[in-house]
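Peer 1: Sequence:
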Amino acid sequence: MLKKYAAALEKRGLDKCSSLILADVLECFPKAVTIKALASKTGKTENYIMTKIKAMQKENIPVNIDNGLKNHHVTTSMFEPVSWILKEKDNIELALSDIDNIQLNGDPIINNKKKIVKRIYKEYLKDMNELIDRWYSLRLIQSLKE
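Position in the sequence shown counted from 1, then plus 7, gives you this note's numbering.
The reader is advised that the hints may include incorrect statements.
[Unchecked claim] Straight-line distance between alpha carbons at most 30 Å, and here's what the computed DSS-like set of lysine-lysine pairs gives:
no., residue 1, residue 2
1, 65, 120
2, 122, 65
3, 120, 152
4, 65, 51
5, 94, 122
6, 65, 48
7, 96, 77
8, 48, 94
None of these hints come from the bench; they were simulated from the model.
Could you put together the complete structure from these sequences and hints?
Peer 2: What follows is the structure, encoded as structure tokens:
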């Protein structure tokens with residue numbers, strides 16, 4: 008299992024079970040994994056796994072459930088890890104919006120620190136936008152979605 012990847016997903020806000028599901032499904036890519044196998048690996052029920060996957064779908068995580076004859080199968084794409092980068096960019100924009108609303112006070116030391124944080128976020132967002140634009144212009148992201 009991709010334990011380090013599962014741990015990284017947990018840090019991004021997914022619960023432990025969901026992160027294990029995604030790591031297992033990604034590790035098996037391009038093959039599908041049955042709900043039954045995921046339930047066995049995680050020690051959870053099949054219904055619980057289905058609930059977790061549906062919750063991930065609501066959060067726009069690229070994971071799919073295919074209805075098989077006997078078992079439901081779960082798949083993802085190699086776009087899934089990249090989707091977290093795009094979500095991170097969205098989160099940076101939200102944070103920067105909040106940081107812009109922080110008022111400076113009379114303390115020059117604190118004001119300087121606020122300005123530093125704002126600068127770091129702006130530069131990080133600028134660099135991230137340039138990277139993502141480059142990836143789109145090279146059709147890298149689109150090719151992962153296909």
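Peer 1: Determine which of the earlier numbered hints do not hold for this structure and return their numbers in increasing order.
Peer 2: Numbers 1, 2, 3, 7, in rising order.
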